[in-house]
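10 protein chains.
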Amino acid sequence: MLYAVTMDVAIPHDLDPEVAASTIATEKAYSQELQRSGEWRHIWRIAGQYSNLSIFDVESNERLHEILWGLPLFKYMTVKVQPLATHPSDIALLGGADGGGQASQAG
Amino acid sequence: MLYAVTMDVAIPHDLDPEVAASTIATEKAYSQELQRSGEWRHIWRIAGQYSNLSIFDVESNERLHEILWGLPLFKYMTVKVQPLATHPSDIALLGGADGGGQASQAG
Amino acid sequence: MLYAVTMDVAIPHDLDPEVAASTIATEKAYSQELQRSGEWRHIWRIAGQYSNLSIFDVESNERLHEILWGLPLFKYMTVKVQPLATHPSDIALLGGADGGGQASQAG
Amino acid sequence: MLYAVTMDVAIPHDLDPEVAASTIATEKAYSQELQRSGEWRHIWRIAGQYSNLSIFDVESNERLHEILWGLPLFKYMTVKVQPLATHPSDIALLGGADGGGQASQAG
Amino acid sequence: MLYAVTMDVAIPHDLDPEVAASTIATEKAYSQELQRSGEWRHIWRIAGQYSNLSIFDVESNERLHEILWGLPLFKYMTVKVQPLATHPSDIALLGGADGGGQASQAG
Amino acid sequence: MLYAVTMDVAIPHDLDPEVAASTIATEKAYSQELQRSGEWRHIWRIAGQYSNLSIFDVESNERLHEILWGLPLFKYMTVKVQPLATHPSDIALLGGADGGGQASQAG
Amino acid sequence: MLYAVTMDVAIPHDLDPEVAASTIATEKAYSQELQRSGEWRHIWRIAGQYSNLSIFDVESNERLHEILWGLPLFKYMTVKVQPLATHPSDIALLGGADGGGQASQAG
Amino acid sequence: MLYAVTMDVAIPHDLDPEVAASTIATEKAYSQELQRSGEWRHIWRIAGQYSNLSIFDVESNERLHEILWGLPLFKYMTVKVQPLATHPSDIALLGGADGGGQASQAG
Amino acid sequence: MLYAVTMDVAIPHDLDPEVAASTIATEKAYSQELQRSGEWRHIWRIAGQYSNLSIFDVESNERLHEILWGLPLFKYMTVKVQPLATHPSDIALLGGADGGGQASQAG
Amino acid sequence: MLYAVTMDVAIPHDLDPEVAASTIATEKAYSQELQRSGEWRHIWRIAGQYSNLSIFDVESNERLHEILWGLPLFKYMTVKVQPLATHPSDIALLGGADGGGQASQAG
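Residue numbers (full-length UniProt numbering), protein chains in the order written: chain A, 1 to 107; chain B, 1 to 107; chain C, 1 to 107; chain D, 1 to 107; chain E, 1 to 107; chain F, 1 to 107; chain G, 1 to 107; chain H, 1 to 107; chain I, 1 to 107; chain J, 1 to 107.
It should be emphasised that the hints constitute simulated quantities derived from the structure, not laboratory data. All figures in this text were calculated on a predicted structure; none of them were measured in a lab. A couple of the hints might just be wrong.
[What the hints assert, rightly or not] Derived lysine to aspartate or glutamate pairs resembling EDC-like cross-links, with alpha carbons at most 20 Å apart:
1. K75/C / D14/B
2. K80/C / D8/B
3. K80/I / D8/J
4. K75/I / E18/G
5. K75/C / E18/B
6. K80/J / D8/A
7. K75/B / E18/I
8. K75/D / D16/F
9. K75/F / D14/J
This is chain A alone, in the form it adopts within the complex (with noise of 0.2 Å):
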């Protein structure tokens, strides 16, 4: 089941520089771990932000929250979900058949 969700990091200027950069090299471990187990689909920097567009792919809402509440940056994220479902117009629709009866989803 995919979501997308939007992670937007702010870390506090004032935070102890050695705990900032461990809870990074932290969120960067748990966060491949997760990409090599599949979970995280994708992750993608929007250019220009301290933010990611990740795609993730777990079997509930449940363990959905589990993997972002437990993520080391948690805490200085602003987290945005889109719980997300196939799209009409997808082409791995499409088998032998020609997927034209679902025509008015399309957009």
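Chain A is fixed; fit chains B, C, D, E, F, G, H, I and J onto it per the hints.
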């Protein structure tokens, strides 16, 4: 080069139903052709909305604009564009090396 | 899996009154069928608004979208979706044990 | 009488960790006592947020304010209150009769 | 039980003038009847706006919704509802006693 | 001359508790003196918020500003001011006559 | 007593051109009459907008509302009202004295 | 050339009181000098706010920026700038002629 | 004197297509004439939007307003104006000297 | 490839003045080097703001992000990025030909 694009569709309630239906059908074909060519990499429905989140992979801002401007439903859409860059935590950056040198941009 | 959904309804003032009336009647039947099946767990009117706050219990984002997209009044609604998870303070988590181990997520 | 209440929590990053921990523990006990008494009917975590959506069932605006003002984390919260009323499509309104007379408020 | 309600009115410019005029006349009678019954305690025009700020004194959220939903101009209004409680600085709380015990909620 | 004023209070969490307490006590006395003089006609707590909605009856904008600027908690408040006028539906306008001549401003 | 008023005008594109033209002409005469009487002290066009910023000098909130409500274009306007007071840095406050006693309100 | 400028002041609560006081005193002198020179034409307090609305009459955008950037309180201000133009309804445009030729821009 | 202007265009979907086409053609000619005269220095399409970002170089606010007001599409536009000034980091300020004296305004 | 970037700077008032000064000096040098290389095509101060509007001409989203992320003041900035495309009314498109074929995108 990647871009995240959100399209919110609002078809006027007094639009001629035949015009609406044929525009939606054209939209679907237009999207699928670009998916097949590889420029429209992902399209997801945002659950509960007449909106999609899409990822485009195009050569330039010019080409992105050309594609979006040409959308049959463009005049009924509110479009948001976010240029994307590689995220330093992306495991795709990891080859045989450890990637540890870029921890400073995690999050 | 639970979702909070807010639906704000704005029926165009120049919509044919008969179309409006029959759409509203269909909406009611549609909602009640889903309440009976258990997927539409709660529906409340937000006082002073043509809006409702609803709680859905469905198996996936796909199913949630299917239900909302099918609402007879969907085209006249602004819909907000919030995926929900268990709250660590929820007394439903307390069996014979004391639940004290999860205090860190309270609030 | 029902109210939907959304609480967004933002604990200052420079708050003494012991103060934070004890406040969070007190918050949990406070919430659970009110859940047991029946006034705090539901509490859900909003996935990906340090926020909850709660349903209160209290006798008056006065009582609602007293409860919210007394929350140990109140000073770190942004609170949104929505008074609720019965929705005409709610199947709880249906006894042996068909409830068809209130279709005009559906949606 | 008190509620502050703000009503912003926007009558569509293409509404039949006779329908508009009769709806406005009905609105006035409706409001005045509720003022006489004591439920609509105050109504003020917000200077420079087609808006009013009103104070309602009703027995429940249900009753408040019933009144607002029944407003002849309801479909042309944007309505904001704020449930009210007694303020600890209100001198109405002062009888023979000094009221000093509630200073912590002033402001 | 009437004004509706909303005051949202946000006391910095790191303010000296004694300073906070004494400021709050002074605020209460200041408010009650103006209530007794008749200039601060109403003060209500907005349920669930550290906010109040107040009605002032003063001779001028100058006087209103002088009162608000002098609030002991002013520096911690976000203040919203709305000048008020008589509403044409107000039954206070009705003497022996019917008031029917002002229907055009109802709502 | 002074007020700053911003008026944003949005004439519906499908309004009868003759109605629009005569309303605009009436608006101009209405404004000029009030400028001559001294109540409408300043009117400036906000560059690039169909908007004006005006300063009114009237005896009360009631009179301000009466003027604004009577604007021929009122129904097509979004109006913002800000009551004004004397600024402590205003040199008009300086007579033979130095005015230094009010420095605490500068800014 | 005229500009409307709104300045909202927010002095940090933990700023050294002596620094605050001397900055405010300097601000007042700075403003009064520019009022005397004719560049700062009007300054009004917005009632109930630590804000002013000012009208500047300067030769260029460069000069406006130089003045605002030099404000002693600039670093604590949120500033909004609106360039102004002559309004076609302004009676200052009326000499012996009737000015009727510009009715199309009224409002 | 420079101004950044953003124009968002929203042509009503029910506008006569011939009127729309001829207005758009006139708009293009109007823009190009001003580009040739040097007052409309830059015009860029904002990718994915029916919007442009333009830089104007005109002698005054009056002239800027005259140009914008005269845009054939003005009535269908939302316009945002930002007056510009020289930036202290601009290398155009550097002649033979080093420009180091203005470092305090960088950013 | 062009991008419009707006940077709003907010240096924390309690930042060490020497750190602030050296960061600002580094920012200036960084900007000027990129202006000389041709990637930072324009930089303007937005009048009355600690903000700039800049035009970048870079080869990709990646390069844009690299530049912005490397800004010495980045951590104190709110950045807005808008990818730009050629506007069909741009006279730079006109060679010997008339450019008339693209009128449909004007505005």
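Structure-based check of each hint:
1. K75/C / D14/B: holds, 12 Å
2. K80/C / D8/B: holds, 13 Å
3. K80/I / D8/J: holds, 17 Å
4. K75/I / E18/G: Between K75/I and E18/G the Cα gap is close to 17 Å, so the pair holds against 20 Å.
5. K75/C / E18/B: The hint holds at about 17 Å.
6. K80/J / D8/A: holds, 13 Å
7. K75/B / E18/I: holds, 17 Å
8. K75/D / D16/F: Roughly 15 Å between the alpha carbons, so the hint for K75/D and D16/F holds.
9. K75/F / D14/J: holds, 19 Å
Consistency note: the structure conflicts with none of the earlier hints.
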